[in-house]
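**Q** Protein chains in written order, with this note's numbering: chain A, 64 to 407; chain B, 64 to 407; chain C, 64 to 407; chain D, 64 to 407.
Hints were generated in silico from the structure; no laboratory data involved.
Careful: at least some of the hints might be erroneous.
Put simply, identical chains are the same to the list, so a pair is met inside one copy or across any two.
Claimed, not checked - Listed below are the simulated EDC-like cross-link pairs for lysine to aspartate or glutamate, each with C-alpha atoms no more than 16 Å apart in a straight line:
#	residue 1	residue 2
1	LYS397	GLU343
2	LYS286	GLU299
3	LYS286	GLU307
4	LYS405	GLU343
5	LYS125	GLU71
6	LYS286	GLU302
Computed from a predicted model, the values in this text were never measured in an experiment.
Number of protein chains: 4
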Amino acid sequence: MTSNEVRELGIVGLGRMGANIARRVMRAGHRCVVYDVREDAVRAVAEEGAAPAASLAELVEKLSPPRAVWVMLPAGEVTGEAIDALGELLLADDTIIDGGNSYYRDDVRRAAALAPRGIHFVDCGTSGGVWGLERGYCLMIGGEAEVVSRLRPIFAALAPGVSAAPRTPARSGTPSDAEHGFLHCGPVGAGHFVKMVHNGIEYGMMAALAEGLNILHSADIGKHHVATDAETAPIEFPEFYRYEFDVAEVAEVWRRGSVIQSWLLDLTADALARSPELAEFGGRVSDSGEGRWTAIAAVEEGVPAPVLTTALYSRFASRGLDDFANKILSAMRKGFGGHEEKPG
Amino acid sequence: MTSNEVRELGIVGLGRMGANIARRVMRAGHRCVVYDVREDAVRAVAEEGAAPAASLAELVEKLSPPRAVWVMLPAGEVTGEAIDALGELLLADDTIIDGGNSYYRDDVRRAAALAPRGIHFVDCGTSGGVWGLERGYCLMIGGEAEVVSRLRPIFAALAPGVSAAPRTPARSGTPSDAEHGFLHCGPVGAGHFVKMVHNGIEYGMMAALAEGLNILHSADIGKHHVATDAETAPIEFPEFYRYEFDVAEVAEVWRRGSVIQSWLLDLTADALARSPELAEFGGRVSDSGEGRWTAIAAVEEGVPAPVLTTALYSRFASRGLDDFANKILSAMRKGFGGHEEKPG
Amino acid sequence: MTSNEVRELGIVGLGRMGANIARRVMRAGHRCVVYDVREDAVRAVAEEGAAPAASLAELVEKLSPPRAVWVMLPAGEVTGEAIDALGELLLADDTIIDGGNSYYRDDVRRAAALAPRGIHFVDCGTSGGVWGLERGYCLMIGGEAEVVSRLRPIFAALAPGVSAAPRTPARSGTPSDAEHGFLHCGPVGAGHFVKMVHNGIEYGMMAALAEGLNILHSADIGKHHVATDAETAPIEFPEFYRYEFDVAEVAEVWRRGSVIQSWLLDLTADALARSPELAEFGGRVSDSGEGRWTAIAAVEEGVPAPVLTTALYSRFASRGLDDFANKILSAMRKGFGGHEEKPG
Amino acid sequence: MTSNEVRELGIVGLGRMGANIARRVMRAGHRCVVYDVREDAVRAVAEEGAAPAASLAELVEKLSPPRAVWVMLPAGEVTGEAIDALGELLLADDTIIDGGNSYYRDDVRRAAALAPRGIHFVDCGTSGGVWGLERGYCLMIGGEAEVVSRLRPIFAALAPGVSAAPRTPARSGTPSDAEHGFLHCGPVGAGHFVKMVHNGIEYGMMAALAEGLNILHSADIGKHHVATDAETAPIEFPEFYRYEFDVAEVAEVWRRGSVIQSWLLDLTADALARSPELAEFGGRVSDSGEGRWTAIAAVEEGVPAPVLTTALYSRFASRGLDDFANKILSAMRKGFGGHEEKPG
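Could you build all of it, start to finish, from the sequences and the hints given here?
**A** This is the structure:
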């Protein structure tokens, strides 16, 4: 370990994620200076022991050099603005850590913009969602090796720790950083790249579960009468689709001993236990950037990612973004076969 | 050619397709005896020269042996019922032709059921839709070679004929049946198998056009303001999505000289010329069996058909059959990230 | 609980799965009578305490009525043959449990064939693979409620038990069977239906992980020179693809705190820790039935499953089953553009 | 029409496409000045009547202002270099037309770079391949309206003309430009955007045909014995897969009267007539940029394009770019089930 290990962290952005990061860092005994545009968010975290700042400038002032400031803002413009502003306030050898869901290409640009002033930039993909305070965060880190090394006490405080999972059988000796739950993945952008792909995989896994449970949910279709005409595909074997599955119980049984055990399954089982038909949801599924970037990376690299990309496209379709395409299909069907569209 | 060539055809079912088949067969100088449960349908075709029948029995009576009866009914039960009934009325060496969209496996079963009575069965996949009267039908035929051979005058009357397309450069000599627009594809079921795959391809081509035109239709998305938050993927490069394409004109320009020239494009260009936004359609796209069977054939054969199958699934999704899956996705997103679903 | 609870189990088939099932049932204090065509397999399990049988007849003899015989054979013909043979030997009120990967439709047929003799049939989808002895099996069960109920001691012995996972937060009170790791899913076939969909999901999750890790594995593509010509897509942004990820470490870091934590990830992390490039594998991925049946179920139900089906098709393609399709694509490219295929 | 219509064209790049463009423009009575780095290519076209140029400078000299220079080079760097060089040589009100397969975003950048010198930039997506000389080219054009308008004589010479296709029924009156086979699609980049999507659709249509024909090609799989074991999915219904289709004849029969009539089908029928098994191809399918850009556009716009993208990914997989992913799948299968990979 280097002598200049960081034991004090500035945090900009105290939303869902940022506030919990502050809490977890403080629990590990490190000092936090926190700032958010919403004064009450600052006050709440200050009451738990953080030093409050009323401005970015005050936050910078309250930290000792070399400073480390964690920016935890919703992706996009605001992150860029905060980093730009910090770039004006910080000094050589200080470090900005972007813990949000930024595009790794923005990291590369931002690091280059900060470099002339000697300010370091570290990107830290942060997974764990609202559960991170309790479970710890999985941290995927990009940046200069020496700078990342200094920040190890912070990363160790945030990560779940070795005990969070049984050891991988093939591993032995002193646990690696990865086994603690954080990893220096490579130069600037590498952290967000890995986080991006993580989220792409997440989309695919989620879709796999959702599609499968939907097949179970419709397994009683042979019990329902469906009119047969030239516009409607007949059910070939109604006798084989007469099952009325308790989907919530099925999700639960898979949690133990099955090959598809996973945290996403745990969450699904919980949601279905609360509300078996999930009627409170409309089925308009958001996507928030990383899935798109993963698909673009696959295309640009020239490697196939049909599952991840199809999962993404299904989300688009859930929001009606395929409407014009579908109208064209109905128009063609009318064109060649005189088929009128059937009402919903 | 064999001496017992068929020059007389019974037709059961005078809907969209059946009536035009009768007309085209009569135009070629062959006699037609026609039957439909709807008396007015019979009367209409009789006025154009067909011999009307008030029942299947009368239809059979009015034909000279060996008889050929073309069944042209919407897929499924009614076809099976008509074939069963004809099986009771026809005699050895008569032939039933199923020209509808039956599952090729039903052909195999039906042929086996008719065989003990010496009745032949021919399956004839028939493409051409409402345009067949004018353009001719593409006929994909399964059955015993000798029986199919007898029916050549009928198939030749229905098919578009050699002149309907420029000759394939690699071909020479006397045009093959396929160049006339009909093909004996193999034993019973082979015709409907080929027609099934034809429709599977049709689904894929339709989807390709629809997806592409939808990309053009949304190419102005950079002009619209979209709120950026943690639930919404930002548009990365709004400056590159400021095109307002006239999609109808684009479809038209592709009709000449482009690599994607096709009849489906012609139909699309026509539909868009009438109604550029296709607002009269709701975008609920039907599927009618063959697409499903094609996907199942691919799976059972163990050959990949991701494009054809994805095209099929998109139709299911257009009718809301992915709702439960989408609700599960929203529920998971709430579970791990606290994300509330955004209203539509 | 019913008074006629089963405490003794016949096991037919002592392969990978069957032998471990015998062991786990015996560990719970139940008696096992075991049979396999391979005598040494019988001997091995007998040495651990099972009563050996040299034939199906002897196995039946050594059990007290009402008997319960678990058939654990590789899918397909052999299972059917064993069940047929047992059907001749067993008596009214005895039960056959098919714990293999049978198609649920075969269950329905087999149960119907056994019913006239009063023999019960239970299908039990069994997940857990080679790890089941240690972790327990996830059991998805179909059959008559009363018969399944009798077998609860056996299922409880095989299942992982409540403690195998933290409780789902939304649940309270006495744990349900599902929380023990076994579930009566519905009438005959329901167990294998649920297992089938489980495996379909497994295919999708596996593909999601594999595609994502492949994107990471190729993230250095910008470092390699690729000739630019009309046949080769250029790399648009080589500067953004210069990462050399340690994929094994990435898989490891995701095991703690991330959203994609899962047993499949654990296995992947282990495999990569042993062999980072997996050079000992050729990349020809088998599929063994359930993935196909899941796709067919989706198609027949009319619900979209593009992710699960695409995952299946990718396996077909990994075995070269898309060769003819690819040749057609190259032939078309040559046809319209004069493009010669590039050598590998 | 404007008085300053262009009747003289400089052409840079005399490959497959460029030479034919020169020929077709000259056939319409316009003068061509041609240049290529390969002197023999210049000589060949000069012998057919073009004015040869030994350098870009000479080409510019030999044209009268306002000049129009068509650049027809393989995508990527060389096009950019030629445009840069021409930008130094041309004068205000001259026009550069990029007829190659450039990325529309490069058009936007190039037009902006030329604007300060008053040089116009027009992008012209050009479809038609090696057949364009005979059939004419489908032209998709982007640029300033007035500049595009001046070039109409050139575009009209290159396009197939109204008679190349039957009129779309919904159209009447004087044929629009699109009905001639060229279209001003919008501002700079619009032409290549439309061409990009055209090629994306082409990928999807090609895959639809290829997948379908592969299903036919494997329809005899029930005739072949396949060993059944736990690693191999059994063929469920071998009796339904005993067809030996003549795929070349099937492709031919579809050319007349069917719904999937298309130029791509024509090319396929020709290729299969020459070589039914296409054994001269290895099945490594290239992609050349537009398919990738189309997928990226879909992702960035947020509209689903699963068919187009899956078609692209299948090409990647045909070149083995999914190898590492497949190895991971085999490794996981070994991990949970002890499954050894089966040799090819």
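**Q** Taking each numbered hint in turn, which are not upheld by the structure, reported in ascending numerical order?
**A** none
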